[in-house]
Amino acid sequence: MKILVCVSKTPETTANINFTNNNTEFDTNGVSFIMNPYDEWYALVRALELTEANGGSVTIVNVGPSINDAVIKKGLAIGAKDAVRIDAEPTSALFVAKQIAAYAKSEAYDIIFTGKESIDYNGSLVGGMIAELLDLPYISYASSMELAGSTATLQREIEGGTEVVQLDTPFVVSAAKGMAEQRIPNMRGIMMAKKKPLNVATAEAAQSNEKVVEFKEVPKDRAIKMINPEDMAELVRLLHEEAKAI
Amino acid sequence: MYDNGTHVYTVEKSVKTDLFESHDHYNVDELLSDDHKLARDAVRDWVKAEVSPIIEDASEKAQCPLHLFKGLAEIGAFGPSLPEKYGCGGMDEIAYGVIMQELERGDSGIRSMASVQGSLAMYPIYRFGSEEQKMKWLPKMASGEIIGCFGLTEPDHGSNPAGMTTNIKDDGDSVILNGAKMWITNSPVADMAIVWAKNEEGRIKGVIVERGMKGFTTPEIHGKLSLRASITGELVFEDVRVPKANILPNVEGLKGPLSCLSKARYGIAWGAIGAAMDCYDSALRYSMQREQFGRPIAGFQLTQKKLAEMITEITKAQLLAWRLGSLANVGKATPAQISMAKRNNVNMALEIAREARQIHGGMGITSEYPIMRHMMNLETVLTYEGTHDIHLLITGMEVTGLNAFK
Ligand SMILES: Cc1cc2nc3c(=O)[nH]c(=O)nc-3n(C[C@H](O)[C@H](O)[C@H](O)COP(=O)(O)OP(=O)(O)OC[C@H]3O[C@@H](n4cnc5c(N)ncnc54)[C@H](O)[C@@H]3O)c2cc1C
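Chain order of the listed sequences is A and B.
So that you can map any letter, position 78 of the first sequence is 234 in our numbering, and since no number is skipped, the others follow by simple counting.
So that you can map any letter, position 135 of the second sequence is 175 in our numbering, and since no number is skipped, the others follow by simple counting.
Since the hints were made in silico from the structure, they are not lab data.
Mixed in with the good hints there might be a few duds.
Now the in silico label distances, taken between C-beta atoms and shown as ranges [to be verified]:
no.	chain 1	residue 1	chain 2	residue 2	range
1	A	276	B	440	50 to 60 Å
2	A	395	B	71	44 to 54 Å
3	B	261	A	314	57 to 67 Å
4	B	48	A	391	33 to 43 Å
5	A	391	B	342	34 to 44 Å
6	B	341	A	213	51 to 61 Å
7	A	186	B	44	46 to 56 Å
8	B	55	A	245	39 to 49 Å
Subject to a maximum C-alpha distance of 30 Å in a straight line, what follows is the list of computed BS3-like cross-link-like pairs (lysine-lysine) [what the hints assert, rightly or not]:
no.	chain 1	residue 1	chain 2	residue 2
9	A	376	B	56
10	A	381	B	56
11	B	88	A	350
Note that the Cβ used here is the ideal one computed from N, Cα and C, for glycine as well.
Just chain A, with the same shape it has in the complex (with noise of 0.2 Å):
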């Protein structure tokens, strides 16, 4: 079993978030980034545990500057064998997506997954996208997935429900929450990630034609109103009267 985890990275949750240049750019002063949890809690976690049980192994890919080995370290501290950065700006999905079907397109992975969505830009794009470069079936949103031989059966939230899926390899999966829980890497994996290979390639010449031209920020007027949590009918009224949710 060969698994490639596509691992992007994102401000920390709890990082201010500025904009620069005309409100065109994200103001990367000052913030911390961390792994996408999609990416790291549930798609490789789960990528991980696969191959613990059925034997393989998993790569993680990411595409972008050489500042993004700190998140791709940690991937290797909590498991995968190796992992490629694909040396660009991660400028668009359809960029990110090109890059990471053309690396992959000549190693026969048996799954890739991704993470639902990242939690800054939340296009929940590349996988779909990678799933049509490569010809492959996508599953998008899985919250599980169990594996007997060559053949899946997964989990997809769907509206009022769950959907079963089952389908053979080679396909492309986005995994959501309860695909598997957080693994906090040890000290050993730290310090086993410094012997694993962490591979540079460069990118394909791919066209990317579209770009922000504004980021908005929501408006920040929303006070937090504290309720009594005996005062019912009081909840009800400001949701009615003020939220008008209800």
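Dock chain B with the ligand against chain A, hints included.
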């Protein structure tokens, strides 16, 4: 770990989330490698998942969460800077430092569980033991299968360990150990103890005393109002026969225990920063949310003075620890330098706890916030591993060349 079946554990998990965020006013993170940051973040995540939900209740009930010995071992907190060959981490001293910082951010008692195992029980075997002793003990101690403790302090000899009366007498293949040690972290649950005792020539030797040896008991000390989540006891030796193979061959004199203490004190210099950060972080958040006189108390000058001084002191302590770590990495950190950092950083943390307590007003005295627990813990940290004043005298002796101890 030794369990005599009497250990009560009725601690309940809290549903409150640990909101801790670290603050890095001087971009000290840039002085750390990717591995240091990975290690720190891993331990921070572990503390949030395993320590924070139980620590207030464990501390209130004075019940040591013994299951965390296994967790500490799994994360790699036992002897992280000892070689991989012995099942340890093979990391550098700064990595060890940030691990201690994050553990103590959780609780000084939890950090003590790890400090004692790694720096006071494993380290002397690594540094002064035979290869056979190392292979016998270290891998099982790194994996948490065997828990150790460190017996130096005696009822009548605390700051002056050279006056110890615990002693060994030669008896063929064995020595006969007599005496008592006091205030020993982990002792009631330890499987083994590194005991410092005088031989017939009055020279201090390190002896590995094993649970089950006849005449060796470890009564628990109750009624501690500090470090309540850590278990403390005595070591009592009544004609304990210890095979000579259990004596650490490569050390004699006070240098033995003192070099272990140097290692542990080094960790405490980092650990204290963790406790201080937790108090500061809580005070900062509370002061932004708590309103009096129509605005957040963080807006008042007197609150800002407290907060500004706290982050200034934390930043200085971070730089001191980082520099000490850089020296330790090349084997150049002197005991006097370690003394200065331990003394400064622990006192800094205790003062920050006191100021943070005030910022929390009445809420500050409750277990809703970590402040009082840290403050009470830090009273121990100020005293153990060399008291605040003893470290001052060490610095004094270093700069004047004059001994003010006696
Ligand atoms: C919770 C806890 C856990 C501990 N764990 C361990 C452990 O695992 N192993 C271990 O061996 N020990 C342990 N200790 C013991 C600790 O190291 C001692 O308490 C410490 O060294 C001080 O000794 P003492 O309590 O006997 O105080 P004393 O030495 O009696 O000191 C009392 C006061 O006198 C001052 N003083 C003493 N001599 C001088 C001097 N020459 N000049 C000026 N002032 C002086 C001290 O600074 C202090 O303020 C622990 C202690 C506690 C509280």
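Comparing the hints with the structure gives:
1. Checked against the hint of 50 to 60 Å, the pair residue 276 of chain A and residue 440 of chain B passes, with Cβ atoms roughly 57 Å apart.
2. A C-beta distance of roughly 50 Å is found between residue 395 of chain A and residue 71 of chain B, which places it inside the suggested range of 44 to 54 Å.
3. Evaluation of the 57 to 67 Å hint for residue 261 of chain B and residue 314 of chain A yields a pass: the beta carbon distance comes to about 59 Å.
4. A beta carbon spacing of about 41 Å between residue 48 of chain B and residue 391 of chain A agrees with the range 33 to 43 Å that was offered as a hint.
5. In this structure the hint that residue 391 of chain A and residue 342 of chain B lie 34 to 44 Å apart at CB holds, the actual value being about 37 Å.
6. One distance hint, 51 to 61 Å for the beta-carbon pair residue 341 of chain B and residue 213 of chain A, holds here, with the actual separation near 60 Å.
7. For the pair residue 186 of chain A and residue 44 of chain B, the beta carbons lie near 52 Å from each other, so the given range of 46 to 56 Å is met.
8. With their beta carbons about 42 Å apart, residue 55 of chain B and residue 245 of chain A fall inside the hinted range of 39 to 49 Å.
9. Under the criterion of a C-alpha separation no larger than 30 Å, the hint pairing residue 376 of chain A with residue 56 of chain B is consistent with the structure, at around 26 Å.
10. Distance hint between residue 381 of chain A and residue 56 of chain B is fulfilled; the C-alpha atoms sit about 20 Å from each other, no more than 30 Å.
11. Distance hint between residue 88 of chain B and residue 350 of chain A is fulfilled; the C-alpha atoms sit about 26 Å from each other, no more than 30 Å.
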